[in-house]
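Peer 1: So the sequences go chain by chain: H and P. Converting from the first sequence to my numbering requires adding 8 to each position, the first position being numbered 1. Converting from the second sequence to my numbering requires adding 43 to each position, the first position being numbered 1.
Honestly, I wouldn't trust all of these hints.
[As the list claims (entries may be wrong)] Here are some chain P residues the structure puts well away from chain H; computed CB gaps all over 12 Å:
{"id": "1", "residue": "E155"}
{"id": "2", "residue": "T195"}
{"id": "3", "residue": "D412"}
[To be verified] Derived BS3-like pairs (lysine-lysine); straight-line CA-CA distance at most 30 Å:
{"id": "4", "chain 1": "H", "residue 1": "K84", "chain 2": "H", "residue 2": "K26"}
{"id": "5", "chain 1": "P", "residue 1": "K243", "chain 2": "P", "residue 2": "K289"}
{"id": "6", "chain 1": "P", "residue 1": "K112", "chain 2": "H", "residue 2": "K158"}
{"id": "7", "chain 1": "H", "residue 1": "K153", "chain 2": "P", "residue 2": "K112"}
{"id": "8", "chain 1": "P", "residue 1": "K294", "chain 2": "H", "residue 2": "K84"}
{"id": "9", "chain 1": "P", "residue 1": "K270", "chain 2": "P", "residue 2": "K289"}
{"id": "10", "chain 1": "H", "residue 1": "K39", "chain 2": "H", "residue 2": "K27"}
{"id": "11", "chain 1": "H", "residue 1": "K10", "chain 2": "H", "residue 2": "K39"}
{"id": "12", "chain 1": "P", "residue 1": "K289", "chain 2": "H", "residue 2": "K10"}
{"id": "13", "chain 1": "H", "residue 1": "K27", "chain 2": "P", "residue 2": "K289"}
{"id": "14", "chain 1": "P", "residue 1": "K259", "chain 2": "P", "residue 2": "K406"}
{"id": "15", "chain 1": "P", "residue 1": "K112", "chain 2": "H", "residue 2": "K39"}
{"id": "16", "chain 1": "P", "residue 1": "K406", "chain 2": "H", "residue 2": "K84"}
{"id": "17", "chain 1": "P", "residue 1": "K259", "chain 2": "P", "residue 2": "K289"}
{"id": "18", "chain 1": "H", "residue 1": "K167", "chain 2": "P", "residue 2": "K112"}
{"id": "19", "chain 1": "H", "residue 1": "K10", "chain 2": "P", "residue 2": "K294"}
{"id": "20", "chain 1": "H", "residue 1": "K39", "chain 2": "H", "residue 2": "K84"}
{"id": "21", "chain 1": "P", "residue 1": "K406", "chain 2": "P", "residue 2": "K71"}
{"id": "22", "chain 1": "H", "residue 1": "K84", "chain 2": "P", "residue 2": "K270"}
{"id": "23", "chain 1": "P", "residue 1": "K100", "chain 2": "P", "residue 2": "K112"}
{"id": "24", "chain 1": "H", "residue 1": "K84", "chain 2": "P", "residue 2": "K289"}
{"id": "25", "chain 1": "H", "residue 1": "K84", "chain 2": "H", "residue 2": "K10"}
{"id": "26", "chain 1": "H", "residue 1": "K27", "chain 2": "H", "residue 2": "K84"}
{"id": "27", "chain 1": "H", "residue 1": "K26", "chain 2": "P", "residue 2": "K294"}
{"id": "28", "chain 1": "P", "residue 1": "K100", "chain 2": "P", "residue 2": "K259"}
{"id": "29", "chain 1": "P", "residue 1": "K112", "chain 2": "H", "residue 2": "K27"}
{"id": "30", "chain 1": "H", "residue 1": "K153", "chain 2": "H", "residue 2": "K167"}
{"id": "31", "chain 1": "P", "residue 1": "K100", "chain 2": "P", "residue 2": "K68"}
{"id": "32", "chain 1": "H", "residue 1": "K10", "chain 2": "H", "residue 2": "K26"}
{"id": "33", "chain 1": "H", "residue 1": "K26", "chain 2": "P", "residue 2": "K112"}
{"id": "34", "chain 1": "H", "residue 1": "K27", "chain 2": "P", "residue 2": "K294"}
For the record, the hints were derived by calculation from the structure and aren't laboratory data. Nothing here was measured: the structure is a model prediction, and the numbers come from that model. For every residue, glycine included, the Cβ atom is placed at its ideal position computed from N, Cα and C.
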Amino acid sequence: MKQLFERLQPLFAVSDFKKQHGDLAFLRIPKEHAEMLIRHLRDHEGFSHLVFFTAVDYIEDGVFRLIYMLHDYGTKNTLGVHVDIARENATMTSIHELWAQAALYQRELKEMFGIDFPGSPGVDEDFMLEGWDEIPPMRREFDTKAYAEKTFFPRPGRKSTEPRTHMQEQLYPNRQGGPDGGEK
Amino acid sequence: MFAPDRSKYPEIVDGKPVVDLDSEKYVKIWHGPQHPGITGNMSLELTLCGDEVVECKTHVGYLHRGFEKLMERRTWIQNFPVVCRIAVPEPAFNEYLYAAGLEELAGIQPPERAQWIRNLNLEMMRLASFMAWLGGQAGAFGMGTIGQWTITHRDYLLDLFEEMTGGRIYHMYMIPGGVRAGLPDGFEARLEAVLQKCEKLLEEIELVLLNNAVFKSRAVGLGYIDKEMIDRYGITGPNQRACGIKRDLRKDAPYLVYDQLDFEVITGTASDAYERTVVRYHEMHQCIDLIRQILARMPNDGPFHHPLPNVLHWRIPPGETYVKAECTRGEKGYYIVSDGSQYPRRICIRGPSYTHAFPVMEKLAIGTDIADIAGLMVSLHTYPPEIER
Numbered sequence: 009m010k011q012l013f014e015r016l017q018p019l020f021a022v023s024d025f026k027k028q029h030g031d032l033a034f035l036r037i038p039k040e041h042a043e044m045l046i047r048h049l050r051d052h053e054g055f056s057h058l059v060f061f062t063a064v065d066y067i068e069d070g071v072f073r074l075i076y077m078l079h080d081y082g083t084k085n086t087l088g089v090h091v092d093i094a095r096e097n098a099t100m101t102s103i104h105e106l107w108a109q110a111a112l113y114q115r116e117l118k119e120m121f122g123i124d125f126p127g128s129p130g131v132d133e134d135f136m137l138e139g140w141d142e143i144p145p146m147r148r149e150f151d152t153k154a155y156a157e158k159t160f161f162p163r164p165g166r167k168s169t170e171p172r173t174h175m176q177e178q179l180y181p182n183r184q185g186g187p188d189g190g191e192k
Numbered sequence: 044m045f046a047p048d049r050s051k052y053p054e055i056v057d058g059k060p061v062v063d064l065d066s067e068k069y070v071k072i073w074h075g076p077q078h079p080g081i082t083g084n085m086s087l088e089l090t091l092c093g094d095e096v097v098e099c100k101t102h103v104g105y106l107h108r109g110f111e112k113l114m115e116r117r118t119w120i121q122n123f124p125v126v127c128r129i130a131v132p133e134p135a136f137n138e139y140l141y142a143a144g145l146e147e148l149a150g151i152q153p154p155e156r157a158q159w160i161r162n163l164n165l166e167m168m169r170l171a172s173f174m175a176w177l178g179g180q181a182g183a184f185g186m187g188t189i190g191q192w193t194i195t196h197r198d199y200l201l202d203l204f205e206e207m208t209g210g211r212i213y214h215m216y217m218i219p220g221g222v223r224a225g226l227p228d229g230f231e232a233r234l235e236a237v238l239q240k241c242e243k244l245l246e247e248i249e250l251v252l253l254n255n256a257v258f259k260s261r262a263v264g265l266g267y268i269d270k271e272m273i274d275r276y277g278i279t280g281p282n283q284r285a286c287g288i289k290r291d292l293r294k295d296a297p298y299l300v301y302d303q304l305d306f307e308v309i310t311g312t313a314s315d316a317y318e319r320t321v322v323r324y325h326e327m328h329q330c331i332d333l334i335r336q337i338l339a340r341m342p343n344d345g346p347f348h349h350p351l352p353n354v355l356h357w358r359i360p361p362g363e364t365y366v367k368a369e370c371t372r373g374e375k376g377y378y379i380v381s382d383g384s385q386y387p388r389r390i391c392i393r394g395p396s397y398t399h400a401f402p403v404m405e406k407l408a409i410g411t412d413i414a415d416i417a418g419l420m421v422s423l424h425t426y427p428p429e430i431e432r
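The following block holds chain H by itself, in its conformation from the complex (with noise of 0.2 Å):
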């Protein structure tokens, strides 16, 4: 696998080469250069299988960090292709030409993520969550409690107990304090 990185090296601007175990590594590369840098992966080097194609929240840099997990069937390498996009209006080059699934990738990454991918065919539409009209669920900043509570509020007469005072006024009720019995 190093030798691999060594031969993309002077042709793309690959970095922050790391291998993972025996037959599974990492590579960073700029947006710009990214479809070329996997379309080359492709149809030079042998990596002919889209394993998945995902994406992780770094909100705290504020990026997209977009992993596009390729698999050489010959030399049974596996090469995740780490690309950094900027959270603000994410854009990214569509690969659908590439691989017949990767549109449904990409359509998955806009509606979970908010990520777009322009041209790739039926990004705009639904893909699991039909009227949706929140943010993206998947990015860092959703706060799955909040929405819960306010979609799902409850019904008259329904009561929500914390689970540690119920139990505590379940099995200690006439034990004085906080949830520990004030020993703690």
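Fit chain P to the given chain H structure using the hints.
Peer 2: Relative to chain H, chain P alone:
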């Protein structure tokens, strides 16, 4: 590549067929989400011209529970009851992959006996999952009785899982560092008795299904997958092997103790629904053989679990990894990112159904008779929960 005659299909503009439903030439129907011929809670939006499908669109979202998001808000160990729910008929693969990913990131090496027990559990799971699929495949072509037989035999296997793990469907048995318990006393003999029942069933299945004239006439030639489609569509598992490509992660990237077991990758040639059935049928025999090999060779004593730190405050060192295994449908993988905290930063699950149920199904459905859609879909062996993780 297979190129159907498009003269009787609608015109395609910008990659989409133009279907004028007012022309009375087409009719649009929904196949699912409540339909016995659909593989779980998903639906196909079919556009028909007579009995022939001219357009197929897969819809999911009926059971989206946001597993990947849920896992980001739970501690590493709290995620164990979550991961097994991502593929209902075969949760063990999720348990194993999640555990293996954490072990790799945390630098834990499970004891050898645990690896053998895990392998046994996975092969039993594969056999149980194939049983459920086989009933579905036969049922989709109108042979519901076979479904009764296979579900009964799956239940015999579930009884064994209950003995082994305490749970019939969701086991939560493979945890980081090993497994929760060893095998119960006399388990091997009871497993062997069930394997013999399964073998007898498979003999009957060969007679009533694989040699059945109705099944053959409907499944042969149905859903042909061209070799060129394999990499372009990311097809894996028996769907791939049925067209003659010899790829199996158990051989190509051996995990657990597969490198110590003796087996060959099963392939076919015709690459249609019938061939996929035959490949899976032989893989069921292979499962039985592998289980027997494991029982004969596995160590009967020794530790089955590596001690862990306090899992309630467990922090996994920062890093990322991708672990994969060959499940019944193909390559299943977990991509796990840790930022050093008590919670996962990101977990992405790669399920083979993602591509099989969407681009592959949408392509293969075109030109298929409406009556064969259920059989085609089951022959691709898709599970919606791993699409909607």
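Peer 1: Does each hint hold? Answer for all of them.
Peer 2: Here is what the structure says about each hint:
{"no.": "1", "hint": "E155", "result": "19 Å, holds"}
{"no.": "2", "hint": "T195", "result": "34 Å, holds"}
{"no.": "3", "hint": "D412", "result": "24 Å, holds"}
{"no.": "4", "hint": "K84(H) x K26(H)", "result": "17 Å, holds"}
{"no.": "5", "hint": "K243(P) x K289(P)", "result": "28 Å, holds"}
{"no.": "6", "hint": "K112(P) x K158(H)", "result": "18 Å, holds"}
{"no.": "7", "hint": "K153(H) x K112(P)", "result": "12 Å, holds"}
{"no.": "8", "hint": "K294(P) x K84(H)", "result": "11 Å, holds"}
{"no.": "9", "hint": "K270(P) x K289(P)", "result": "12 Å, holds"}
{"no.": "10", "hint": "K39(H) x K27(H)", "result": "21 Å, holds"}
{"no.": "11", "hint": "K10(H) x K39(H)", "result": "22 Å, holds"}
{"no.": "12", "hint": "K289(P) x K10(H)", "result": "27 Å, holds"}
{"no.": "13", "hint": "K27(H) x K289(P)", "result": "27 Å, holds"}
{"no.": "14", "hint": "K259(P) x K406(P)", "result": "22 Å, holds"}
{"no.": "15", "hint": "K112(P) x K39(H)", "result": "26 Å, holds"}
{"no.": "16", "hint": "K406(P) x K84(H)", "result": "28 Å, holds"}
{"no.": "17", "hint": "K259(P) x K289(P)", "result": "24 Å, holds"}
{"no.": "18", "hint": "K167(H) x K112(P)", "result": "27 Å, holds"}
{"no.": "19", "hint": "K10(H) x K294(P)", "result": "24 Å, holds"}
{"no.": "20", "hint": "K39(H) x K84(H)", "result": "26 Å, holds"}
{"no.": "21", "hint": "K406(P) x K71(P)", "result": "17 Å, holds"}
{"no.": "22", "hint": "K84(H) x K270(P)", "result": "19 Å, holds"}
{"no.": "23", "hint": "K100(P) x K112(P)", "result": "26 Å, holds"}
{"no.": "24", "hint": "K84(H) x K289(P)", "result": "13 Å, holds"}
{"no.": "25", "hint": "K84(H) x K10(H)", "result": "14 Å, holds"}
{"no.": "26", "hint": "K27(H) x K84(H)", "result": "14 Å, holds"}
{"no.": "27", "hint": "K26(H) x K294(P)", "result": "25 Å, holds"}
{"no.": "28", "hint": "K100(P) x K259(P)", "result": "27 Å, holds"}
{"no.": "29", "hint": "K112(P) x K27(H)", "result": "27 Å, holds"}
{"no.": "30", "hint": "K153(H) x K167(H)", "result": "17 Å, holds"}
{"no.": "31", "hint": "K100(P) x K68(P)", "result": "19 Å, holds"}
{"no.": "32", "hint": "K10(H) x K26(H)", "result": "9 Å, holds"}
{"no.": "33", "hint": "K26(H) x K112(P)", "result": "27 Å, holds"}
{"no.": "34", "hint": "K27(H) x K294(P)", "result": "22 Å, holds"}
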